[in-house]
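A.B. asks: Residues per chain, in single letters:
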Amino acid sequence: MKAPVFDYHRARSVQDALAALADGNGDAKPMAGGCSLGPMLNLRLARPTRVVDLRHAPELRRVEETSDRLIIGALWTHAEIEDGAMPCATNGFLPSVAHGIAYRAVRNRGTIGGSVAHADPAADWISTLLTLDARLLIHAPDGERQASIDTFMLGGYSTELGDDELLTGIVLPKLSSRGRWAYHKICRKTGEFAKAIGAVLHDPERGLTRVVCGAIERTPILLEETSAALGRAGPQAAAAVLRDEIDRRLSDHDAVFRQMHHTAVDRALAELGSK
Amino acid sequence: MNRVPVTITVNGQPFTASVEPRQHLADFLRETVGLTGTHLGCEQGVCGACTVEIDGRPQRSCIAFAVACDGSTVRTVEGFDDDPTMSELREAFSTHHGLQCGFCTPGMLITSRDIVRRCGETDERTIREELSGNLCRCTGYMGIVAAVGSVCRGKTPEVEAPPVATPVPAAATAPIRLPEPAMAAGAPVRPSMAPAPAPSVAATPLASAAGDSAGWTAIDQTITVAAAPATVWDALGDVRGVAACLPGAEVEKLEGESLTGRMSVRFGPIKARFAGEGTVRRDESAHTGRVTGAGRDSGSGSQAAGEVVYRVVEGERPDSATVVVTIRYRLTGTLAQFSRGALVQDFVRRMAETFASNLSASLAPRADGAPPQAAKPVEMNVLAMLVSVLAGRIKRLFTSA
Numbered sequence: 118m119k120a121p122v123f124d125y126h127r128a129r130s131v132q133d134a135l136a137a138l139a140d141g142n143g144d145a146k147p148m149a150g151g152c153s154l155g156p157m158l159n160l161r162l163a164r165p166t167r168v169v170d171l172r173h174a175p176e177l178r179r180v181e182e183t184s185d186r187l188i189i190g191a192l193w194t195h196a197e198i199e200d201g202a203m204p205c206a207t208n209g210f211l212p213s214v215a216h217g218i219a220y221r222a223v224r225n226r227g228t229i230g231g232s233v234a235h236a237d238p239a240a241d242w243i244s245t246l247l248t249l250d251a252r253l254l255i256h257a258p259d260g261e262r263q264a265s266i267d268t269f270m271l272g273g274y275s276t277e278l279g280d281d282e283l284l285t286g287i288v289l290p291k292l293s294s295r296g297r298w299a300y301h302k303i304c305r306k307t308g309e310f311a312k313a314i315g316a317v318l319h320d321p322e323r324g325l326t327r328v329v330c331g332a333i334e335r336t337p338i339l340l341e342e343t344s345a346a347l348g349r350a351g352p353q354a355a356a357a358v359l360r361d362e363i364d365r366r367l368s369d370h371d372a373v374f375r376q377m378h379h380t381a382v383d384r385a386l387a388e389l390g391s392k
Numbered sequence: 023m024n025r026v027p028v029t030i031t032v033n034g035q036p037f038t039a040s041v042e043p044r045q046h047l048a049d050f051l052r053e054t055v056g057l058t059g060t061h062l063g064c065e066q067g068v069c070g071a072c073t074v075e076i077d078g079r080p081q082r083s084c085i086a087f088a089v090a091c092d093g094s095t096v097r098t099v100e101g102f103d104d105d106p107t108m109s110e111l112r113e114a115f116s117t118h119h120g121l122q123c124g125f126c127t128p129g130m131l132i133t134s135r136d137i138v139r140r141c142g143e144t145d146e147r148t149i150r151e152e153l154s155g156n157l158c159r160c161t162g163y164m165g166i167v168a169a170v171g172s173v174c175r176g177k178t179p180e181v182e183a184p185p186v187a188t189p190v191p192a193a194a195t196a197p198i199r200l201p202e203p204a205m206a207a208g209a210p211v212r213p214s215m216a217p218a219p220a221p222s223v224a225a226t227p228l229a230s231a232a233g234d235s236a237g238w239t240a241i242d243q244t245i246t247v248a249a250a251p252a253t254v255w256d257a258l259g260d261v262r263g264v265a266a267c268l269p270g271a272e273v274e275k276l277e278g279e280s281l282t283g284r285m286s287v288r289f290g291p292i293k294a295r296f297a298g299e300g301t302v303r304r305d306e307s308a309h310t311g312r313v314t315g316a317g318r319d320s321g322s323g324s325q326a327a328g329e330v331v332y333r334v335v336e337g338e339r340p341d342s343a344t345v346v347v348t349i350r351y352r353l354t355g356t357l358a359q360f361s362r363g364a365l366v367q368d369f370v371r372r373m374a375e376t377f378a379s380n381l382s383a384s385l386a387p388r389a390d391g392a393p394p395q396a397a398k399p400v401e402m403n404v405l406a407m408l409v410s411v412l413a414g415r416i417k418r419l420f421t422s423a
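If you read the sequences in order, they're chains A and B. Under this note's numbering, think of the first position of the first sequence as 118, with each following residue one higher. Under this note's numbering, think of the first position of the second sequence as 23, with each following residue one higher.
Careful: at least some of the hints might be erroneous.
To be verified - Covered by chain B, according to a simulated footprint, are these stretches of chain A (three or more residues, beta-carbon under 8 Å): (1) 122 to 129; (2) 157 to 170; (3) 173 to 184; (4) 194 to 200; (5) 272 to 278; (6) 295 to 308.
Think of the hints as simulated: they come from the structure by calculation, not from any bench. Keep in mind it's a predicted model, so treat the numbers as computed, not measured. Backbone N, C-alpha and C define an ideal beta-carbon position, used for all residues, glycine too.
Working from the sequences, and respecting the hints, build out all of it.
C.D. replies: Below is the structure:
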């Protein structure tokens with residue numbers, strides 16, 4: 118199908134984009150690569166009256182750092198992250214996840230910020246950033262703020278972003294040289310949205326021990342008990358309490374769903390153990 | 023009709039045209055420029071038939087809008103006549119029988135050239151993985167993979183790694199205050215991001231056969247209210263008040279058992295506003311009620327039907343009541359073609375939780391001891407509602423209402 122009629126505004130700056138969104142009376146939609154919004158427009162599921170193109174706002178491609186954080190603009194594409202177009206703060210975690218997103222032709226246009234703002238529960242960045250305990254930079258008409266990834270996503274396609282706000286950047290922790298990670302997703306076909314995601318991060322020097330279960334048709338979850346066991350006694354101990362925690366946290370899903378998610382996280386833990 | 027002038031360089035030649043913003047690049051190439059080598063299959067970024075090079079990188083021309091490509095350089099399958107790698111690939115596709123009907127071939131060739139240049143000599147598994155974004159409906163993958171493999175053989179990657187951006191100190195360019203991270207040693211684990219539901223609300227999707235039959239989905243809610251069952255039953259008779267607890271719902275007219283109204287929902291980029299009719303039936307003796315409704319969203323032409331059945335029973339504690347609610351819904355039309363039904367179900371589940379906690383709050387006895395009454399109708403925004411309930415930001419709701 119073809120997209121419905123909309124007006125197009127090419128934003129030249131974040132301020133310009135915010136003004137165009139505010140002017141849209143709740144019916145304007147920001148677009149970065151358009152790899153999520155494009156299909157929804159073509160299917161006429163989304164019918165915004167105005168599309169605000171963010172690809173020409175230079176602030177959205179910033180790369181900044183503090184002593185323990187790397188801040189990247191929202192507009193970096195998956196392929197650029199895959200190819201290492203910015204310093205890697207995560208010991209290869211981000212490039213590896215980026216490589217597994219959809220297909221190269223999609224990665225060449227789709228952006229990390231667009232994916233996070235779209236908040237598809239089965240997409241990779243939401244689960245990855247939750248594992249990294251990343252923060253998000255949000256620009257609102259009254260200024261900039263940071264959001265915790267823990268509370269940013271409210272559910273499928275729902276985030277704390279208001280109609281007149283923009284996700285402008287990602288604040289990543291710089292992992293220590295001892296920081297290890299593992300990521301396992303289950304897809305029936307390469308490049309499709311994941312059926313289950315297991316992600317594990319262990320960086321004792323940064324105090325980061327996080328095990329995440331994603332692609333659960335709602336906001337990905339941090340598995341607290343499994344994380345605690347991993348921090349205390351390692352991947353095998355974590356795997357021993359995993360089944361119980363998955364069964365409890367995903368109790369409203371059927372046995373096949375729980376088994377698949379257990380497998381994804383279990384494999385990620387095993388991979389971490391072998392690193 | 024709004025049109026925007028664009029200039030796009032296609033295969034080395036600039037084309038200037040006035041386009042509708044909704045026109046995607048593939049249609050621009052095929053209809054405005056007249057290059058029909060770029061094919062359209064799914065028009066949703068999945069099949070890969072429309073893959074072209076935009077600014078030197080393969081991309082989907084069906085989900086890139088022409089207006090967004092103003093100033094870009096595009097290369098289509100017609101633009102590789104003098105390209106040595108492409109000529110090797112053309113030869114190899116022929117030798118290895120890498121095409122049958124030929125529909126996927128333009129996209130396959132663009133992707134294959136990128137594989138050869140980026141990967142150089144590589145194994146079959148990598149080639150298959152890299153080709154997985156291009157579908158061949160003849161299923162002629164054996165020949166295509168063999169063709170790409172034969173061209174990759176003996177080659178080294180030609181594409182250089184991108185320059186690595188140099189980070190600037192954050193403080194110098196932006197006043198970013200980094201709050202003290204909650205990752206201090208000794209506190210490795212933070213509370214879950216999923217807020218616990220209100221204690222009085224329990225939502226479980228019905229796994230029963232009835233729940234999924236004929237496109238219907240059902241969700242159960244149990245609401246416990248600190249008021250006598252008879253009082254709660256009476257309060258539930260206020261249809262407008264009850265509707266006010268459901269974000270996005272408005273009752274316009276209520277006559278006897280019939281009502282007309284609207285229901286606005288917003289699900290990420292998807293927005294719909296259903297207008298329709300319904301009925302309200304209450305069985306005084308059994309303390310059961312049934313509200314049904316059906317409506318149409320004129321924007322998408324989609325139809326929704328829904329039903330809420332509730333029963334008021336004695337609560338576990340004295341002077342408390344339990345309202346057992348089952349919500350069933352069915353969506354047909356464009357919106358129902360959205361293939362991620364589980365996400366819609368989660369959305370309705372969250373909405374049902376919001377409804378339950380609003381209803382619970384509106385039915386609870388007020389601080390001044392006055393009897394419970396349904397909430398006064400307030401225009402509510404689904405998103406603001408969800409934000410307030412799920413993130414505990416009740417304040418925001420009332421400042422924006």
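A.B. asks: If a hint holds in the structure, say so; if it does not, say that too.
C.D. replies: Structure-based check of each hint:
With 5 residues bearing a CB less than 8 Å from a CB of chain B, the stretch 122 to 129 of chain A meets the requirement of three and the coverage assertion stands. Counting residues of the stretch 157 to 170 of chain A whose C-beta sits closer than 8 Å to any C-beta of chain B gives 11, which meets the bar of three, so the coverage hint holds. Residues of the stretch 173 to 184 of chain A lying with their CB closer than 8 Å to a CB of chain B number 5, which satisfies the three-residue condition for coverage. Only when three residues or more bring their CB closer than 8 Å to a CB of chain B does the claim for the stretch 194 to 200 of chain A stand; here the count is 3, and the claim holds.
Evaluation of the coverage hint for the stretch 272 to 278 of chain A: fulfilled, as 5 residues show C-beta separations to chain B shorter than 8 Å, against a requirement of three. Remark: the stretch 295 to 308 of chain A is confirmed as covered by chain B, as 3 of its residues place a Cβ nearer than 8 Å to a Cβ of that chain, reaching the required three.
Consistency with the previously given hints is maintained throughout, with no hint failing.
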